[in-house]
Amino acid sequence: MRNVPDFLRPNKRNAWLAFVALGLLLLVLPFATDALLGRGWVRIVDFALLYIMLALGLNIVVGYAGLLDLGYVAFFAVGAYTYALLGSPQFGLHLPFWIVLPIGATLACIFGALLGAPTLKLRGDYLAIVTLGFGEIIRIFLNNLNAPLNITNGPQGISQIDAIRVAEFSLGRSQELFGITLPSVHLHYYLFLALTLLVIFISLRLQDSRIGRAWMAIREDEVAASAMGINTRNIKLLAFAMGATFGGVAGGLFAGFQGFVSPESFSLMESIMILCMVVLGGMGNIGGVVLGGVLLVVLPEALRNGAGPVQQVLFGKTLIDPESLRMLLFGVALIVVMLWRPAGLWPSSQRQRELEAHDGEAQQEQDTVYDASR
Amino acid sequence: MTHPGEHLLKLSGVSKHFGGLAALSGVSLHIKRGEIYGLIGPNGAGKTTLFNILTGLYQLDGGSFSFAGTSFSCCKPHLLAQAGIARTFQNIRLFPNMTALENIMVGRHLRTHSGIWAALTRHAAARREEREIAQRALELLRYVGIHRHSHTLAKNLSYGEQRRLEIARALATEPKLLALDEPAAGMNATETESLRVLLQTIRNSGVTVLLIEHDVKLIMGLCDRVAVLDYGKKIAEGVPAEVRNDPAVIAAYIGGGT
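One line per chain: the protein sequences are A and B, in this order.
In terms of our numbering, the first sequence is residues 1 to 374.
In terms of our numbering, the second sequence is residues 1 to 258.
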């Protein structure tokens, strides 16, 4: 921190300036992306926002309460299928999104508690295995609930899902607002942005609260937490339910945005991706989780789009299929980050504050402790 | 409310076994309000097992205990904490990645009520409660003398400070009975002495103290009464001077007689 120039030092005025600048940036982001990179990239940004919501939801379970959940995508699926079933020709139901989304969120919340209940006594790897199983059960159910009674339309999935629409204002087509034409992806961007900000706000408020502290206490030492009078059962269920609710909201938005859902979108790989966002970014730190979400959505896409042309320039032909190269580089990136920054790219601010308060001395001490613990 | 001399905790025939091993067999004792009660005995005598039963980590296999007039035969840890039993652990169990202040704030969980809604809206009452939690936590840090480290992560505190923090965290739950599992273990003479002073202060504030300790000097100088456990049985009880000269106790410690 010592070599930072004056105008970058945190103070109130700079904080406000940064805040306003960030706000403006977020406001013009879809237009800038559209102009510079093309419409396809605005869509990717939209997906990044959805994944940030998911990652923040999982962060409550994994980052705050320390419960390793490998089946988180199940709640995403519950939200998405709720939307798809209540707003598509599948059952001929076309309920408005502001009714469907809360229903999806509530259902996901209930599923979160249902999953939480039998796993309360499990910890660490055992919990991970059971939640993984739960995630798969949901996916397989969705895959097979087409006979004898066709509910989910099986592996074909549900298509022609209604666009997100309030009265006559549909996000599914371009709209004219204040003299500016906003394409569908831009409209979705603003809706997703608003909800992501809401989720960030909720996460922030929870973090610094009695409930948030109870979650962290359970993460740190469950036995000690219960001896301090924390009802670990209820507090853990609350974490599962809260996290699942965010997942349900993101799922509903996903269905409305995509217009199509199928069980394929909710594979174990998705759960692992979301978990990677949380761990890679910095478990328990909202900024880190957001960063993780952005990176893990944008980087693979950049690799996918960039790997081919780069190879053309370097070797004159495409040696390795960009698709497989993408996963390879992604894996390497994960390993590098975990080796160099085991606490994530942007670890919890608690640590930062601690380091600033004590500067060199504590740093040294912490390193010793860290070395000793290895 | 406090009647001196009245029994706060009463154990009758408490038994606990793990497989074939009887960790506790038929232990009965009672602790009066306002006293410092010592629990001593060789390693493996069942002292910590007794603590774990009192704080709900183990369920007892036989007998019962009553605390502050309520009888417990099996109970969840948080309910016993609610009833007013707080403890520390033999191998310090703080929340290592939380600051000293936050550790104590967690201790206030039990006596406060803010839920999700309060956390999200931060309405006036919620803010007031949050302020009170922080204030009380700071007071307790000062009380045990580590307020300089309020924003240090618990894992970075020195050993003695961690012991003190654990006591402060237990006190934050407003216990009637404070159960300390070897608080002086690993402390030097100066640290032990200041611990003794702290425990006296805590007792004078009206909290009953139950103490497991190996430091004989500390036990003798501090405790009003002492019980000796050996192989899960109570072999002696009384004022420290008496117990020290009890032949059964000497035999248990030296391991000579039968």
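Just so you know, the hints here were simulated from the structure itself, not pulled from any lab data.
Accuracy of the hints is not assured; some may be wrong.
Each computed DSS-like pair below joins lysine-lysine, with the alpha-carbon atoms no more than 30 angstroms apart [stated by the list, open to error]:
| id | chain 1 | residue 1 | chain 2 | residue 2 |
| --- | --- | --- | --- | --- |
| 1 | B | K10 | B | K155 |
| 2 | A | K121 | B | K32 |
| 3 | B | K176 | B | K76 |
| 4 | B | K76 | B | K32 |
| 5 | B | K155 | B | K233 |
| 6 | B | K217 | A | K121 |
So the derived list for chain B, only partly shown, Cβ under 7 angstroms to chain A, looks like this [stated by the list, open to error]:
| id | residue |
| --- | --- |
| 7 | L29 |
| 8 | V106 |
| 9 | S114 |
| 10 | A124 |
Glycine included, C-beta positions come from ideal geometry on N, C-alpha and C.
Each hint, compared with the structure:
For the suggested pair B:K10 and B:K155, the alpha carbons sit about 36 angstroms apart, so the restraint of at most 30 angstroms is broken. About 36 angstroms separates the Cα atoms of A:K121 and B:K32, which puts this hinted pair outside 30 angstroms; it is violated. About 18 angstroms separates the Cα atoms of B:K176 and B:K76, which keeps this hinted pair within 30 angstroms; it holds. The hinted pair formed by B:K76 and B:K32 meets the criterion: a straight-line CA distance of about 24 angstroms does not exceed 30 angstroms.
A threshold of 30 angstroms between alpha carbons decides the hint, and for B:K155 with B:K233 the separation of about 36 angstroms lies outside it, so the pair is violated. Annotation: proposed proximity of B:K217 to A:K121 is violated, straight-line Cα distance about 41 angstroms (limit 30 angstroms). Interface restraint check: B:L29 against chain A, minimum CB-CB distance 21 angstroms, threshold 7 angstroms, status violated. With a least beta-carbon distance of about 4 angstroms to chain A, the hint placing B:V106 at the interface is held under the 7 angstroms criterion.
Here the hint on B:S114 is kept, as its CB sits about 5 angstroms from the closest CB of chain A, short of 7 angstroms. Annotation: interface hint on B:A124 violated; nearest CB of chain A at approximately 15 angstroms, more than 7 angstroms.
Violated hints for the displayed structure, listed by number in ascending order: 1, 2, 5, 6, 7, 10.
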